[in-house]
Amino acid sequence: MFGNGLIKGLRITLKRFYGPNLTEYYPEVKPNLPPRTRSSMALEPEKCISCGLCVNICPNQVINLTSEKDGNNKRVLKTYHMNIGRCLLCGLCTQSCPTGALRLSQEFENAVYHREELLWDMIARSKRSNKPSGEEG
Amino acid sequence: MDALNNVFVNIAAYIRGLFADSHSLSADLTINIIVFLMLFLIMVVAALFLSLVERKFAHWVSQRSGPNRLGPHGWFQFIADAVKMLGKEDIYPANVDLFLFKIAPMMLVGITLMAFGVIPFGKGMVAINLDLGIFYFLAVSSISTLALLMAGWASNNKFSLLGGFRAVAQMISYEIPLLFSLLGVIMITQTFNLSSIIEAQKTIPFIFLQPLAFLIYLIAGIAETNRAPFDQVQGEQEIVAGPFTEYSGLRWGLFMLAEYGNVVATSAIAVSMFLGGWYGPGFLPGWLWFILKIWLVIFIMMWVRWTFVRMRVDHLMHFAWKILLPLSLANIFLTGLGIYIYQLFIPRIGG
Amino acid sequence: MIIDGTQEYSVNMGPQHPSTHGVFRMVVHLDGEVVTNVEPKIGYLHRGLEKMAESRTYNQFVPYTDRLDYLAGPHNSLGYVQAVEKLMGIEVPERAEYLRVIFAELGRVASHLFMIASGSLDICGWTPWSYCTRDRERILDLFEMTAGNRMTLNYFRIGGVSHDVPDEFMPALKSFLDDMPEMIEEYYGIFFGNEIAQSRMKSVGILPKELAENLLITGANLRASGVQYDVRKAEPYGIYNRFNFNVPVLYGCDTYDRHFIRLLEIQESRKILQQALRDIPEGPVVAKVPKVIKPQVGKVYHRVENPKGEMGWYIVSNGTTKPARVRIRTGAFVNVQMLPAIVTGWKIQDLVTIFASMDLVLGEVDK
Chain C
1 MFGNGLIKGL
11 RITLKRFYGP
21 NLTEYYPEVK
31 PNLPPRTRSS
41 MALEPEKCIS
51 CGLCVNICPN
61 QVINLTSEKD
71 GNNKRVLKTY
81 HMNIGRCLLC
91 GLCTQSCPTG
101 ALRLSQEFEN
111 AVYHREELLW
121 DMIARSKRSN
131 KPSGEEG
Chain P
1 MDALNNVFVN
11 IAAYIRGLFA
21 DSHSLSADLT
31 INIIVFLMLF
41 LIMVVAALFL
51 SLVERKFAHW
61 VSQRSGPNRL
71 GPHGWFQFIA
81 DAVKMLGKED
91 IYPANVDLFL
101 FKIAPMMLVG
111 ITLMAFGVIP
121 FGKGMVAINL
131 DLGIFYFLAV
141 SSISTLALLM
151 AGWASNNKFS
161 LLGGFRAVAQ
171 MISYEIPLLF
181 SLLGVIMITQ
191 TFNLSSIIEA
201 QKTIPFIFLQ
211 PLAFLIYLIA
221 GIAETNRAPF
231 DQVQGEQEIV
241 AGPFTEYSGL
251 RWGLFMLAEY
261 GNVVATSAIA
271 VSMFLGGWYG
281 PGFLPGWLWF
291 ILKIWLVIFI
301 MMWVRWTFVR
311 MRVDHLMHFA
321 WKILLPLSLA
331 NIFLTGLGIY
341 IYQLFIPRIG
351 G
Chain B
1 MIIDGTQEYS
11 VNMGPQHPST
21 HGVFRMVVHL
31 DGEVVTNVEP
41 KIGYLHRGLE
51 KMAESRTYNQ
61 FVPYTDRLDY
71 LAGPHNSLGY
81 VQAVEKLMGI
91 EVPERAEYLR
101 VIFAELGRVA
111 SHLFMIASGS
121 LDICGWTPWS
131 YCTRDRERIL
141 DLFEMTAGNR
151 MTLNYFRIGG
161 VSHDVPDEFM
171 PALKSFLDDM
181 PEMIEEYYGI
191 FFGNEIAQSR
201 MKSVGILPKE
211 LAENLLITGA
221 NLRASGVQYD
231 VRKAEPYGIY
241 NRFNFNVPVL
251 YGCDTYDRHF
261 IRLLEIQESR
271 KILQQALRDI
281 PEGPVVAKVP
291 KVIKPQVGKV
301 YHRVENPKGE
311 MGWYIVSNGT
321 TKPARVRIRT
331 GAFVNVQMLP
341 AIVTGWKIQD
351 LVTIFASMDL
361 VLGEVDK
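Residue numbers (the UniProt record's numbering), protein chains in the order written: chain C, 1 to 137; chain P, 1 to 351; chain B, 1 to 367.
Since the hints were derived computationally from the structure, they do not count as laboratory data.
Among the clues, some could well be false.
Listed next, the in silico SDA-like pairs over lysine to any residue satisfying Cα-Cα at most 20 Å (straight line) [said to hold, decoys possible]: (1) B:233 - B:213; (2) P:56 - C:25; (3) P:56 - C:87; (4) C:8 - B:195; (5) C:15 - P:66; (6) B:202 - C:6; (7) P:158 - B:7; (8) B:202 - C:126; (9) C:47 - C:32; (10) B:291 - C:95; (11) C:8 - P:299; (12) P:158 - B:30; (13) B:202 - P:316; (14) P:158 - B:195; (15) C:15 - P:296; (16) P:158 - B:5; (17) P:56 - C:124; (18) C:15 - B:193; (19) P:158 - B:12; (20) B:291 - C:4; (21) P:56 - C:14; (22) B:51 - C:87.
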């Protein structure tokens, strides 16, 4: 009895020692995230109708938007800020968006050096969305 | 092959030849200083490299790749570790006993280095060819308990103190089976000199004559070097890091250096006493065989370390006093019996 | 206990200590290596979730429920959404019910795997830890491909679930279930079957049956003390009464049994998952619910079997869009009180093992 389990354990570790390696070499090989992954938010300002549903549904008061009326008495988006430091990335806002202007994206390299950089100006971000995410800040 | 075998011996002889009298005081001093520096270098490089190998081993066992940034597959990581350790700020807490706190890591490294002095790396390649070599090794390595207790006491931290007490309890208990397991070999060879013990293993390594003693030595050796499953002294999960809790930077690095140096020294003694030292098939020089055998023992130690979980303090003591000690005594008895029977046929054996 | 010339001393373990699983703090009174008393100190992760619920609408609170027991997110949400559905009398579509069971049981498997992993890590078993987390990773990948996040899913909605599963989910789940016996064999070989681990855990930290019942211990800790009680059987919620599974029970009452019963429960969860996979119908995944959830005045208590213990949701509605009061009964919070009751007289090393066997998650203890 004594020693049997020890030898079995040694056998398992030796098998794994020569077995395959599961490490993901992250910065060189980017992970292939599924399309539903909630990593950051992206806005298409042209589609936005400034209805304010996302502001209301947000559990943590992350979104702050202002709009103004244009000549046809139609509301046009003026500013759209997200305080991403408070964001839970729960996805309730994107589900409530009637036009699909606000959506979740798979950019996950969101670390910044200062807290102020967590206040995302979504309109400005959408304009430079073709840039790699690392250069934003 | 003979030249390769004796390359270090020949270099030493050449340096001695530079002096008028090759055994004058100045010649001895020069050789001793060179040997000392070489040993220190061997210990530092081996310890640094071993720390990397250990991490690699741990990760391979758990199907990961380990350090993989610096150099090919991360194999230069140990250089970065050493540089980082040297560059760190020297921090010590406010209420430590500063003298003991500072001297403890140095003492531990010094003791480890002293133990290296009697290890024969090849034929004639021993720094000090003491007649009481193995006795000296055991005597010196048992002082390291004191260094750990000093570190634990001086840190003025309760976790450190617990670690220091554990070090004393554990290392003194395991000293005895360690010593007794080596006694069988000494009875056969009738000498304490490590080189002579290896010479006696020219035909057959003593692991075949003393398998039980080898097992006991390995277990007690792992316990002496404070490695899992006997790493009570560090015990990350319960007493944070034991005596090393308050250390950082270079001082902590010295502790790690001594720990891995101890691993190498313990393996080297295992190789000299049981695995036939520098003897091996003739296609490799003797000192390379010695190093390869050391790596084999280290591999076994790591394999055990990353498979088993830590034993409990009281089980550890029971294991030492109730299982290992009687077994090693039985081994001594059996060896004596074997020698007696053997001597009935051949009047004299060994050195 | 105190002998002449020696004295007891207290050590502060935590909130930053390697083996307190987060920010738990205990003041340990030691006589040498022997623990004479432990005072648990909680509250370092208190976020005021009950109060937060009062200032958010019913739908808005769902993401927060995942953050109670963050190792098994789905089951907390299950308790909350089922409580609200009970209050409003909402019928959930069949497919959504099955998806809920699948996710809740996957969460249970993930939580138990992590418990075994951290339990082995607390006695210095680094390799078992890696193997358990390696397999837990596959569950998290399943979560991610369906719900979008790995631990805080926010997958359940009042009236159903947020999305249907993607096409690749079911084959991936099936292959995971097929690999499970092999994994369990491996955990047994490297951790449970290891004699050193057994000597560390067997007959350590005995929690007798009477004491467990008196202290209101729930969950696997109770079942390891010889009480066959599981809310899934005792008061089936959702569609749990349709599944054929056993409630494992062990009578050792010690640390080893508290670890080992998790392994048995993983096997039972596998049975449930296989049946759910076999029986799941096609159809909608969310019921027709009003956009603004406004339950009538009333109150409801609903309890579920969380991996950490029994979780109860008491919701009082005053007829507005926000609950008037939410009270969360979490298993781990109640289970904390078994620590001082059983730890006296054991070594400081056993304290760590006993603490690991309780399977606390500080998100649930501190709420």
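Tested hints:
1. B:233 - B:213: Judged against 20 Å, a Cα distance of about 18 Å means the pair holds.
2. P:56 - C:25: 15 Å, holds
3. P:56 - C:87: 38 Å, violated
4. C:8 - B:195: Between residue 8 of chain C and residue 195 of chain B the Cα gap is close to 10 Å, so the pair holds against 20 Å.
5. C:15 - P:66: 17 Å, holds
6. B:202 - C:6: 16 Å, holds
7. P:158 - B:7: 13 Å, holds
8. B:202 - C:126: It is violated: about 60 Å lies between the C-alpha atoms, which goes past 20 Å.
9. C:47 - C:32: 28 Å, violated
10. B:291 - C:95: Since the Cα atoms of residue 291 of chain B and residue 95 of chain C sit roughly 12 Å apart, the hinted pair holds (cutoff 20 Å).
11. C:8 - P:299: This hinted pair holds, its Cα atoms lying about 18 Å apart.
12. P:158 - B:30: With a Cα-Cα distance of about 10 Å, the restraint between residue 158 of chain P and residue 30 of chain B holds, given a limit of 20 Å.
13. B:202 - P:316: 16 Å, holds
14. P:158 - B:195: Between residue 158 of chain P and residue 195 of chain B the Cα gap is close to 31 Å, so the pair fails against 20 Å, i.e. violated.
15. C:15 - P:296: 18 Å, holds
16. P:158 - B:5: Distance ~18 Å between residue 158 of chain P and residue 5 of chain B Cα, so the pair holds.
17. P:56 - C:124: 45 Å, violated
18. C:15 - B:193: Holds, at about 17 Å.
19. P:158 - B:12: 9 Å, holds
20. B:291 - C:4: Outside the cut-off at roughly 62 Å; violated.
21. P:56 - C:14: Measuring from Cα to Cα gives roughly 14 Å; hence the hint holds.
22. B:51 - C:87: Holds: residue 51 of chain B and residue 87 of chain C sit about 19 Å apart, inside 20 Å.
In summary, the numbered hints that this structure violates are 3, 8, 9, 14, 17 and 20.
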